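Residue numbers (this note's numbering), protein chains in the order written: chain A, 1 to 505; chain B, 1001 to 1531.
Keep in mind that the hints were calculated from the coordinates and are not lab data. From a predicted model like this one, the values you see are computed outputs, not experimental measurements. Hints are supplied without guarantee of correctness; some may be wrong.
[As the list claims (entries may be wrong)] What follows is a set of in silico ranges between Cβ atoms, one per label pair, in the way DEER data are often shown:
no.	chain 1	residue 1	chain 2	residue 2	range
1	B	Tyr1154	A	Val129	51 to 57 Å
2	A	Phe133	B	Gly1069	43 to 49 Å
3	A	Gln140	B	Val1337	32 to 38 Å
4	A	Gly126	B	Gly1077	56 to 62 Å
5	A	Asn200	B	Gly1357	53 to 59 Å
We put the beta carbon where it would ideally sit given N, CA and C, even for glycine.
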Amino acid sequence: MDANTQMNGAILQVDHLSMKFGGLVAIGDLSFTAKRGEITALIGPNGAGKTTVFNCITGFYKPSEGMITLNRADGSSYLLERLPNHEIPARAKVARTFQNIRLFSGMTLLENLLVAQHNKLMKASGYTVLGLFGFPSYRQASAESIELARHWLEKADLVDRADDPAGDLPYGAQRRLEIARAMCTGPELLCLDEPAAGLNPKESAALNELLMDIKNTSGASILLIEHDMSVVMQISDHVVVLEYGRKISDGNPQSVRTDPRVIAAYLGVDDEEVETVLTEVGDEDVIEQLDTGPDAAHGPGTSASYLAGPVSDTVGHSEGERVTVSKGASKAAQIDARAVTVASKAVVAKPEQATKPAPAAKPVAKAAAKKPAAKAPAAKAEGVSNRLAAPRGGKADNLTRIKGIGAVNEKKLNEHGIFHFDQIGAWKKADVEAAEAYLAFDGRIAREDWVKQARLLAQGKDTEFSRRVDAGKVATSHASAKSAGATSGKTAAAKPATGKRGGGK
Amino acid sequence: MAVTVSRERDTVASPMQRALREAFYAGAIALGLFVLFIGLKTGQNMSNELVLTQRWGLLAAVVIATAVGRFLYVAYGQPFMANQKIADVATGLLPASVGSRFFQLPAFILAVVAAALLFVLGGSLAGWVGAEPAGYLQFLRALAVIYVLGCVIYYFRAFIHANFTKLGITALVLYPILVVAVLSLNAWSIAGGLQGSLKWVDNFGIQILIYVMLAWGLNIVVGLAGLLDLGYVAFYALGAYAYALLATHYGLSFWILLPAAGCMAALWGVLLGFPVLRLRGDYLAIVTLAFGEIIRLVLINWREVTNGSAGISGIPKVSFFGLMTFNVSDPNYIAKVLHLATSSAYYKIFLYYLILGLCLLTAFVTIRLRRLPVGRAWEALREDEIACRSLGINTTTTKLTAFATGAMFGGFAGSFFAARQGFVSPESFVFLESAIILAIVVLGGMGSLVGIAVAAMVMIGGTEALRELDFLKQVFGPDFTPELYRMLLFGMAMVIVMLWKPRGFVGSREPTAFLKERKAVSGSFTKEGHG
Chain A
1 MDANTQMNGA ILQVDHLSMK FGGLVAIGDL SFTAKRGEIT ALIGPNGAGK
51 TTVFNCITGF YKPSEGMITL NRADGSSYLL ERLPNHEIPA RAKVARTFQN
101 IRLFSGMTLL ENLLVAQHNK LMKASGYTVL GLFGFPSYRQ ASAESIELAR
151 HWLEKADLVD RADDPAGDLP YGAQRRLEIA RAMCTGPELL CLDEPAAGLN
201 PKESAALNEL LMDIKNTSGA SILLIEHDMS VVMQISDHVV VLEYGRKISD
251 GNPQSVRTDP RVIAAYLGVD DEEVETVLTE VGDEDVIEQL DTGPDAAHGP
301 GTSASYLAGP VSDTVGHSEG ERVTVSKGAS KAAQIDARAV TVASKAVVAK
351 PEQATKPAPA AKPVAKAAAK KPAAKAPAAK AEGVSNRLAA PRGGKADNLT
401 RIKGIGAVNE KKLNEHGIFH FDQIGAWKKA DVEAAEAYLA FDGRIAREDW
451 VKQARLLAQG KDTEFSRRVD AGKVATSHAS AKSAGATSGK TAAAKPATGK
501 RGGGK
Chain B
1001 MAVTVSRERD TVASPMQRAL REAFYAGAIA LGLFVLFIGL KTGQNMSNEL
1051 VLTQRWGLLA AVVIATAVGR FLYVAYGQPF MANQKIADVA TGLLPASVGS
1101 RFFQLPAFIL AVVAAALLFV LGGSLAGWVG AEPAGYLQFL RALAVIYVLG
1151 CVIYYFRAFI HANFTKLGIT ALVLYPILVV AVLSLNAWSI AGGLQGSLKW
1201 VDNFGIQILI YVMLAWGLNI VVGLAGLLDL GYVAFYALGA YAYALLATHY
1251 GLSFWILLPA AGCMAALWGV LLGFPVLRLR GDYLAIVTLA FGEIIRLVLI
1301 NWREVTNGSA GISGIPKVSF FGLMTFNVSD PNYIAKVLHL ATSSAYYKIF
1351 LYYLILGLCL LTAFVTIRLR RLPVGRAWEA LREDEIACRS LGINTTTTKL
1401 TAFATGAMFG GFAGSFFAAR QGFVSPESFV FLESAIILAI VVLGGMGSLV
1451 GIAVAAMVMI GGTEALRELD FLKQVFGPDF TPELYRMLLF GMAMVIVMLW
1501 KPRGFVGSRE PTAFLKERKA VSGSFTKEGH G
């Protein structure tokens, strides 16, 4: 992120990685970077494709598309998708653990760690020939390997049980042993698949300690899949969030934690909360980013997956079969869809930007070109009858004084030529339906009776809600209560938090 | 409610009633099962007519035996075994074990005396008491000998357990000497002893050791690497034919052809390994089974080279490194060189030590390999192949080395077999051989050399011993041939052992390295492999 990591450079670079199983898109166009000496966490809800990413990195799957580059400390680089499975640990020095622990349960702890040093010992034993005749070079290498094993057993706090079978260990110890075994291969990148799964708090804390120790003393970088947020937030330097095989967020733990997409993906918020969250974060910068990005109507961007809408919309399959993820399934995508609605309106408002050439979309995404990612159809925008080209007197009313209209909706309404309370107050049933359609609010306008509120406000009277707004108790887009001002400072302040969201790298 | 419970308790509490009831059920089931098997026998008479022989007496005997057996087991066996687990209230000790009750000193002395007497009087017994009682006395003698051996093993069991390997190797090295010595004493002449030793050294010693070696070779593939190979006999055949063909056509020495046959088998092991690398479990077993059959069918049908089913005869004998031979007509015949009486026993004793040496070589290499990275990789492969790959182990080459090493020892054993028999034919390499070798490996405990050696001794020695039970002819009549029942006994023994010890004789696994102390790994943690 800064000069320090720039100097260290990226140990792992994943570019445009896609993995399809038949028609199922497990990973779609994923790009991220893991920096040397850092702990990078890969998080996401169940089924987001995290383990598939791991399997691609460690060679258990060959990715359908994309490039995975590993840069070793000695300057050599390996394209992991081209290396055979077993050469990834051997040559590129990537070690991994498994979600469902895979130990050699019938072998002792020590033997497990000796198996991990196979390649080194094979060379020392002259590919078995010298070892068979008991050459001293092998004996020395063997003693050294036992010392290394003892070192990692001590680190993992398992040295007392070195001669017991691995299958006899309790669950937490098995997790630690698997990490110790991976470390015995001398890796530069250690990939841990849910190391804290099924651990009690004490074991989880011990694990954190072990991982920090590995990071600080062994020089190995760590890539981590984890569900346990306490582990992720405590130890990771960088977090990548996946949902439905796409990256929805990327940044340091704090920024990811506040990212509305992440919150939506994890918590599965309802529409109202989504809106609140978006408002809190500051929709402004989303719009800005979208303005400079590719036109949403002409396919998603090259790397920023959040532009592309739900996976099912963007990836066509050559055989014509497609596993469709239901459109409402991705919560993050819902937020995106709204953001894109805003964006497309913004584009309409500024015609000179619409003519900007869209960057060449990836072939995967091309199929999506025909389907606009935005959900709200443009045709409905004409639905509201009493539109104005510009606010009367150049000053719009503070629509957020109406209960149910936040900053986002106010912006949307403004874009549709609704600036004043009396306009809303004059809405008929058809207008309400049209407005609900492009705001994607089902029955909410009627429920909260925006029309009645607007009539009261238009007459200069106050509602209970508007009084609260005026008193500063409720967030509003306008700096002072009754003046219809420009963008508030609050949204600007929220910008940096989401600023990195769009970048692929 | 309470009444019902107590009533049930009453019925459970009486073992006699239960025993009677279960005996009745067992008898009924036996009757239903055997009424057609034993009760009726179909046959032909002189004019080729179907005749039905009724054997109700035999059927009744079998059914009654079953019922009585069940009765005794439920009424006395089960309570006895339950009591064995209850500690005495006064002393806090468990009751004396069955072993220490059964093997007692007075009985031991009695058995020694009885056995000695019967041995001394062996020749003249038939004259004194008649043929039939003499048969029973011979049986009694065998029982006495077994009892004496059992006593010795029982009382020295701790010592034997601690030094099993050393004692075993010593016993194997001394075995031919002891056999010759005992038989010479018995026959009062060394020539007679040598002649009598042929059977014991060849049929028992060499035969068992060949299977020990084959099973140890297969153990590398099945026991260590966890690859189920049902066609192992193919490599045995390859080794045998390699020696037979090259020795008969080119006159090459055994000492050159032994490694050559091993290499040839290893090469074929790799060739078989390549196509089956991707297969696991049942699929691997089927393909290796097919490979074994292919080799056998090629041997039968490629007449120009292998002489088909007629086989290859006149395979040259092994020489003592070219210094001495075992052909009577040669100038350097062993008896001429060492100025001994001519006897065919020298060759057998030599072969015995040769196969013993080959076995020890196999054991040495296996033990060494297990402590090398490749051996650990084999075992790791058996435990978890995916984890192996994640640690940078090339599973392809690891599997191929396992196949090649196992096949090599099969090839060694094959060339030895050809040299020993002097004749090979495809008949010797049928699927049953593969099955027997695999059964020995499984019965002994996969991965354990000692267990496998014991299993080979029991299985092969046991079937050979059935040939010795001549006295049974006097019991069941001259038509009775115990050899015919060996497969039945073989199967029954396997079932019993697998019930008693599901992981084989030695279920635990010796770790290959240790930090503080070497602790055997219980069989419940090790995996059998997925192929």
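Status of each hint after checking the structure:
1. The given range of 51 to 57 Å is broken by tyrosine 1154(B) and valine 129(A), whose C-beta atoms sit roughly 45 Å from each other.
2. As the Cβ distance of phenylalanine 133(A) to glycine 1069(B) is approximately 57 Å, the hint placing it in 43 to 49 Å is violated.
3. In this structure, glutamine 140(A) and valine 1337(B) break the distance hint of 32 to 38 Å, their C-beta atoms being roughly 47 Å apart.
4. About 59 Å separates the C-beta atoms of glycine 126(A) and glycine 1077(B), a value consistent with the hinted range of 56 to 62 Å.
5. Between asparagine 200(A) and glycine 1357(B), the C-beta spacing of about 57 Å keeps the proposed range 53 to 59 Å intact.
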